[in-house]
Each structure stands twice: as structure tokens, then as C-alpha cells.
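Put chain B on the given structure of chain A with help from the hints.
For the record, the sequence lines run as chains A and B.
All residue numbers for the first sequence refer to the working numbering, where the first residue is 1 and numbers rise by one.
All residue numbers for the second sequence refer to the working numbering, where the first residue is 1001 and numbers rise by one.
Source of the hints: derived by calculation from the structure; they are not laboratory data.
Just so you know, not all the hints are guaranteed correct.
[What the hints assert, rightly or not] To spell it out: a stretch of chain B is covered by chain A in this simulated footprint if at least three of its residues, at any positions, have a beta carbon under 8 Å from a beta carbon of chain A; those stretches are:
1. 1075-1085
2. 1092-1102
3. 1108-1119
4. 1129-1137
[Unchecked claim] Taking lysine-lysine and the BS3-like style, the derived pairs with C-alpha atoms no more than 25 Å apart in a straight line are:
5. B:K1266 - B:K1330
6. B:K1330 - B:K1420
7. B:K1221 - B:K1269
8. B:K1303 - B:K1293
9. B:K1095 - A:K19
10. B:K1095 - A:K303
It should be emphasised that the depicted structure is a prediction, and the values quoted were computed from it without experimental measurement.
C-beta atoms are modelled at their ideal positions from N, C-alpha and C, and glycine is treated no differently.
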Amino acid sequence: MTAATLPGTSFELRVSQAKSDCDRLKRAVAQVIVGQEEVVEEVLWGLVAGGHVLLEGNPGLGKTLLVKTLSACLDLAFSRIQFTPDLMPSDVTGTNVLLVGQESERGGRFELHRGPIFGQVVLADEINRATPKTQSALLEAMQEHSVTIAGTRHALEEPFFVLATENPIEMEGTYPLPEAQLDRFLLKVLVPAPSEDVLTEILSRTTGKAGVTPGAVLQKEQVLELRALCREVEVSGAVLRYAARLVNASNPDAAEATPLVKRAVRFGAGVRGAQSLVLAGKAVALMQGRGQVSFADVTRTAKPVLRHRILRSFEGEADGISVDAVIDELTASVPARPDAVERIVQGQ
Amino acid sequence: MAGAAESSDFKERFGRFAGRVRRRLWLRYVLSGACAGAGAGVPLALVLWWLREPEYRLHAFALATLAGALAGAVLAARRRLDDGAVALFLDARLKTAEAIVTAVELGDTGNGWSRRVAAEALSDDRENATRPRLFQRRHALLPLCAALAGWVASLPLRELPPVAAKPSGAEQVKLENLAGLEQIEALERLHGLTPEQERRMKHLAEQARELREALRRGLEKREALSRIAKLRDAIAAEKLTLGDQENRAGLDAAVAELEKRALTAKAAKELSEGDLTAFDEEMQRLAMLAEQKDREAAREALKDAARRAREKGARSLADALEREQRALEKAQSKAEALRELARRLEGAMDESGREAARDFAQSPNPEAQRKLAEAMERALKRLTEEERKKLAENLRKNLEGGGPGGASPMTREQLEDMAKRLEQKGADKLLEEQLRELAKRDPSEDAARERGLGEADRGGAEAQRGLGVIPTPGGQGQGRPGGLSQERQGAPGGPRGGDKSGGEGPGDHAGETKRLDAEELRSKANVRMLPGAPMHAASQGRAPARAGESANQLGTGVLGDVGPGEVSAVEGTEVPEEYREQVGRYFEP
Chain A
1 MTAATLPGTS FELRVSQAKS DCDRLKRAVA QVIVGQEEVV EEVLWGLVAG GHVLLEGNPG
61 LGKTLLVKTL SACLDLAFSR IQFTPDLMPS DVTGTNVLLV GQESERGGRF ELHRGPIFGQ
121 VVLADEINRA TPKTQSALLE AMQEHSVTIA GTRHALEEPF FVLATENPIE MEGTYPLPEA
181 QLDRFLLKVL VPAPSEDVLT EILSRTTGKA GVTPGAVLQK EQVLELRALC REVEVSGAVL
241 RYAARLVNAS NPDAAEATPL VKRAVRFGAG VRGAQSLVLA GKAVALMQGR GQVSFADVTR
301 TAKPVLRHRI LRSFEGEADG ISVDAVIDEL TASVPARPDA VERIVQGQ
Chain B
1001 MAGAAESSDF KERFGRFAGR VRRRLWLRYV LSGACAGAGA GVPLALVLWW LREPEYRLHA
1061 FALATLAGAL AGAVLAARRR LDDGAVALFL DARLKTAEAI VTAVELGDTG NGWSRRVAAE
1121 ALSDDRENAT RPRLFQRRHA LLPLCAALAG WVASLPLREL PPVAAKPSGA EQVKLENLAG
1181 LEQIEALERL HGLTPEQERR MKHLAEQARE LREALRRGLE KREALSRIAK LRDAIAAEKL
1241 TLGDQENRAG LDAAVAELEK RALTAKAAKE LSEGDLTAFD EEMQRLAMLA EQKDREAARE
1301 ALKDAARRAR EKGARSLADA LEREQRALEK AQSKAEALRE LARRLEGAMD ESGREAARDF
1361 AQSPNPEAQR KLAEAMERAL KRLTEEERKK LAENLRKNLE GGGPGGASPM TREQLEDMAK
1421 RLEQKGADKL LEEQLRELAK RDPSEDAARE RGLGEADRGG AEAQRGLGVI PTPGGQGQGR
1481 PGGLSQERQG APGGPRGGDK SGGEGPGDHA GETKRLDAEE LRSKANVRML PGAPMHAASQ
1541 GRAPARAGES ANQLGTGVLG DVGPGEVSAV EGTEVPEEYR EQVGRYFEP
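Next comes chain A alone, as it looks inside the complex (with noise of 0.2 Å):
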């Protein structure tokens, strides 16, 4: 039983029990992922927005690791699906195979065996290593929660959840994901390089004595009621239009954007995009134990939102200007509050 189905169980204390189990869960992983809060945390954005994350870094920085260890700790069917040029959609959404059994059968039967994506938590390591169309098979299920094999539909085990990771470093013999559909991950979240404390921790955990592989810390239901109550967190028109103002300003033409946005954009971020700000911001202050979003919250989900859905020209590129870079100055210009109300708050 959840909070939820409890009688009588108010939003306030869901709201308290979300946080708790979220801090729990934190907790579980960071006894296998040494350091990486911040990563954790976003993953975790994802997972409670009912989103799916792309992870970026560089190999060995612990994201397979995390993905398991993740999926360890939430009690969810976890399955992991390595992406090489030669697979195939059927490799990943599975097939129906015809089966020659018993004398009395004639001609034999088929039978699903179902592909790795009808996991709940799911690993696509590397996916700009496969090609378009494999890579379709996936972001369709991402999209839809639903496989169809041999024209028939096959609804996937909720929550569904995918993680998927980027190797920046080999770009060779790769196919990056299009722009329409790295829009389907809620997040792009980047591992970055751990710093020397951290790499001292790995190695102390990762060299000795097998470590600890946490249990279950949250059920299945305990995952959906976290995604539900995520939709239940109040947003304000304010903050809705913060949102909108954001995605609005990567916009190259519209009248808010920046002469840096002008200069580096060639595309910037659309509906997905604000919806996923919103969302992304539900899951940051549901977390923190919130029932309300705050600007603060949107601001701080800005980039792993809009770093996937903003495409540099080439003036951008040439001059090396990132893409955070042009998120940061675009939650620097555009204002939270009207003008009117800043100056106050301000003082003047």
C-alpha cells in the first residue's frame, strides 16, 4: 500500500514520504557510486518525472554502474541492451520464433522471446553506436511504452525506464541520435570526470574487497506513486511562463533572444523542451519536499533539459561555444519576475 491508496492520507504527508523514500534511495546508490551526486540526482529527476535520461561521459566513469546499481536498489526488472552497428530492432524489441517441438505439434508454433526492452529499467549503452533504425526501434518504445512485434502491440512493465549513454570520445563508425529524437529524453545528464578525491574513493572501493550491492530500497509501487505525485505538484502561471520565456529566448528568431543566441543557435528548444522544464522542475521540488515549483527549480533543470535540444550553427561551433554556455546566459538574462516587481524586490 502506498501513501496514496491510504484513506484520508493527505498531500502533505505523500509529499513527506516521497522525499523520504527519494533521500533513501540517494542514500542506497551513493554506497556504490562514489561521488556523483549531482549525477545521481538527475537521474533521479528523470525517474520520478516519468521521463527516460541520456547519460554522456567519457568510458569508465561509472554510468553502466550506476544504471545497475540504480536498478538494483528499485526493485525493477533491469535489463541492458549494448549497441553495436550489427543490431538489429528485432534484437532489441525481440521476435517471434518458431518453435518445432513435440511430434504431436505439426510444423511447430512461434513464440515471443521477448527482447531486452521489456525490462523496466533499462540500459541502451552506447546507443549512437547502432544504426537509425535500431535505434528507432528503442526511442519508439521510449515514446509509446509499447513494442509492437509481428503487428501486434505489446505493452511494456511500468515504470519504464531508459537510461541511455553516449560515448563522445569515438565518433567514428557511430550514428548520432537526431535532434527529433534526442527530444524524447526528458534529460541529458554528463558525467563528468571524477575529481581526485572521488578517484581516490573509487579505486579504495573498486580495488579491494568486492563491495556492497545495496537491496531494494523502493518497490514498484512506491516508483508509480512517485511519478504520480509528480503530476500532482502545484505549478503557477509564473512559473509556467518562466518556462516558456526560457525555451522562447533559444529561439535564434525570436525578439527575446540574446545576441549570443542570435550568433551560436541554429535551432533552439521547443514545446518538449518547456514540457520538460516543468516536469523536470516538479521532480526537483517534489524531491526537496516541495509541493509547489519555484523559479529556482527551473533554473536549476535548465541544462540537462535544453543541452539535447539546442543545435549550434556553425558560427557556434567554430567559435567553441558550448551549449551550457548559452543556457547559462540564457537563465542569466531572462528574468524570473516582471521588471516591475525585480525592482521592488530589489530595492529601488
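Okay, now just chain B, sitting in the frame of chain A:
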């Protein structure tokens, strides 16, 4: 139910906080407006100081400040924050992560989380944290401007820069017709004592005409006044100087001779004052006396006076008296002829004519003479041709028989001429002319000339008045117009009145004199009425006033205070009675 209570509680709290925030913001706008108004009020006060406005500098500043405050209030009303904006402000101040604005916008919808959090945050103990800043740096302008305005209000009015005065009279005047010049131009019609004098008088007339023409074109005022003054001086120089050193002894002797007879006493007085015109008029009057002996006595007196003057070496006086004598004789003959005719026409005259004849006989004067002549004219018109001829015959017979008793040759000549005209057919016009000629006064040439010169001098004075200047009494001629010697006058000081006109006194006329501490001011003047322009009676008083103000105000200084027994401060002075009023008016504030 609980939700409704929560909602109500939140709305009440939010309303309270929002009201405080809005009031404070309104006050800030009003203060800012007042600062702007004060900022504009200081230059306004400065402008008023520059314009030398004594009283309203502070008022102007206050009004400007008030206007600014009102404008601020209006602006505050227009920029009133709505509930959402106020909620955002409260969220920022209370750091409630937009719970208040979420609660305000969602209202009674939603799950109530934000409403509860917001209500909890809007507790009274957190009111101070939600106050918008009231005073800003620019508000310091208000006391600063107020201090500046106070200083400006206390500034003394600035002094007017000294204006370089234009020389008096430098302005141009342009007049089509300056009254008075025509009298100077009339000098050319006068007979001069000598051809030289006639030439000079013609020249003066010409100068007057040139001056008129110059004024028509435009002339500097002082130039015009200078030329008029010179004309007047020249006119005065042409007057007979009977009282000068050469003629003084003769004048005294001639006057003494005339004074011997009561009949000519008045004539003696006129002659002693040098007024030849009045002397001539008196002699003309004596010429018309009814009694022959009176007429003779007057003629003899004049003859003796001329002789005495010549004996004393006063040649010009003697000549003048002799000319007066001839005029007297001529006037006598006219009067005799007129009288004789009146006697002849007595039957033909109407009652008014007879009355005019009686008046002429009793008090012969020019008016009676004129009326008599008119009556005779009417009588003559009524005569038939036959009656005229008869009258003419009677006149001729009378003349052949020796004429009217005591008639002078001139009278006889007049009567012969009358008889001749009476005989002519249709001689009405001629008779009229002759009668008018008989009635006309013929002043002596000297008197006529003196009168003309006097008229010219008065014309000059009038011209000076026309240019806005008080004319001096009489011109500054070489000769002094008449007047007895000091011994004859017997008055201290002598007739000096006309000599000082036009000159400046010995006082210092630069700047202003110091105030004199005195209880009263009294005046004393010895004045003598001189022929010429009358004394002006109007004057403006000047009184102390505040610096920078117009000085042409009625003052109430010491001149306004008079002693109990005095009227206009001149009661107890030696000012002659006839001048007290004028002198007193001079000292009126």
C-alpha cells in the same frame, strides 16, 4: 470545509499583506513625485528671485512639491501591482519558493499545498520582512531642495543693473505742428523800430519756420529745446529796454512827470513797470475821454514826460514816448470824430445806439467804442439818400465854420472824409469801413511791437511745453524788460526773478542726499511774478521705498508732517499771499 477555511484564512492574510505592500509603494511614489516637484520648485524659486518677486518664492516651491506629490500619487495608481505581482514580491522576500503566487493563482483549485504553506509564511511576525523599501537615495533631494528653497527665499532681491541713462533730451521728436511756433512766425508782420530790427524779426520768423519743418522731419528733443530757447532769447533782446542803465534816469523822470497828474497816475505805474503795452492801453483810454480838457491834459502829460526823458539822456525812451504821443493824438481824433458823428446821428440811432453813445461818453473804452460804431453803422444804413446828403452837408458846414470845438486837424480830416463818403451814392461799404476804422484801436507801434514780441515769447514758452518741458519765465535777453531802479522799487532783493531761470543750483545733484533728522520742514521764498509762462503748480513727490521698487510713489516722509499752525508748511513763511498756494502745492507729497 477545512479547505474553505484554509482558503479564507489565506485570502485574509494575503489581503492584509498585499494592502501593506501597496500602501507602502504608493507612499514611495508620492515621495518620489514630491522629490521631483521639489527639484523643479528650486529653479522656479530662483526664477522668481531673478524676476525680483519678493513674496511667492516659497509658495512656488511648495506648490511645485505638492504638484509632484500628486503626480506621484497618480502614477502609483496607474502602476498598482496586481495580486500576482504582489505575491511574487512576497515570495521573494519570504523565500517561500513561489508558494504564495501559486496559492494566489490556483485559488481554491489544486491540492491546497501552496495555500497552506503560503498562509503559514504570511504570519504577522514576518511583516517587517515584507515591507518594500520606502526611502530611496533620491528622496534625500526633498530636504535638500527644501533647504535650497529656503535659502533662495531668504535671498535679498537682486539689484537692478545700472542702466546707462540716455542724455536727457536725446530722444527724437517728430511733430507735425508744434503749437506756439506760429506766434514766433508772426514776428515778420511786425513793424520794427528800425529796418534792422525788422530784418532781425523776419529772421526770427524764418528760424521758427525752419524749426517747424525740422520737427516735422524729426529732431532731437534737446536740439529743438535749444533752438526754441535761443529764439526766446532773441525775442527778449528785441524788446525795448526802457529800464536799462541808459534810460533809467529818464524813465524815473518821465514817470515822475506822469505821476504829477492823477489822470495819468495809472499810466505812470504801467510805464514804471516797463509794460509798454499796458501803458499804451491806458493812454488809448485817456484818448477817448469825453472831456476835451482831460484829453488835453493827458497829451500834455505825455509830452512833458517825453521832454523830461530826453533831458535825462534817455533818447530811446523819449522817442518811444513821442511815438506814443502821436498815437494818442490819432486815437483822440478818431474818438472825437466818432463822438461828433454820434451827435449828428443821434436822431437816427435806435435806443441801443443812444445807450452806447451814453456809455462811450461816460466810460470810454474799446468795447463802448465798438458798440457805438455798430449802432452808428445801423443808423447810417437806415438813412435815405436824401438824409445822407443832408448829413454830409451839415458836416461840411460845421467844418467850414470851424468844426467841432477843439477838434484836432486829424478829427477834421476824419469828418471831411466821412462827409465825402456820405455824399457818394451806394457808399454803404465805405461808410462801414470808415466807421470800423474809427472804432478800431490803433496801438502805438512800440506797443504793437512789444505785444507781438510778448506773444512770440509766449508762443515759444508754449512750444517748450509742447515738448514736455516747463518753460522758463521769459527769455535770457540782453536787455531786461522794464523795471524801475532799485531805489524806485523800494523792495529788497530787486527784480531778480527772471534772471536765474534755466540755471542749476550750487547743490550736488549726483546721487541722493542724506536723510535730515528734523522735526519739521519750513519753506521761505521771495518770489516776484514775472511776465511769461505762469508757474507750474503740479509736482510729484518722491518718498523712500524698498530697493528696486519704483520710486514714483506717494511718500509720507517728513514733508507730510506739518506744524499745528501751518497749512502745507508755508503758513508762517514770507511767501506772498498770491503765491502761497502754488508754493504749498510744490511741497505736497
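Hints, one by one, checked against the model:
1. Coverage of the segment 1075-1085 of chain B by chain A holds [criterion: at least 3 residues with CB-CB distance below 8 Å; count 4].
2. For the segment 1092-1102 of chain B, the proposed coverage by chain A is satisfied: 7 residues have a C-beta within less than 8 Å of a C-beta in that chain, meeting the threshold of three.
3. Closer than 8 Å: that is the beta-carbon criterion, and the segment 1108-1119 of chain B has 7 residues meeting it against chain A, so the requirement of 3 holds.
4. Figure legend: the segment 1129-1137 of chain B, annotated as covered by chain A; annotation consistent (3 residues with Cβ-Cβ distances under 8 Å, at least 3 required).
5. Our distance criterion of 25 Å between C-alpha atoms is met by B:K1266 and B:K1330, whose separation comes to about 21 Å.
6. Restraint check: the Cα-Cα separation between B:K1330 and B:K1420 comes to about 20 Å, which is no more than 25 Å; the hinted pair holds.
7. Between B:K1221 and B:K1269 the CA atoms are separated by roughly 41 Å; this puts the pair beyond 25 Å, and the hint is violated.
8. A C-alpha spacing of about 15 Å is found between B:K1303 and B:K1293, which places the hinted pair at or below 25 Å, so the restraint holds.
9. Between B:K1095 and A:K19 the CA atoms are separated by roughly 20 Å; this keeps the pair inside 25 Å, and the hint holds.
10. Of the supplied pair hints, the one linking B:K1095 and A:K303 holds, its CA atoms being roughly 23 Å apart against a limit of 25 Å.
Against the hints set out earlier in the document, a violation occurs for number 7 only.
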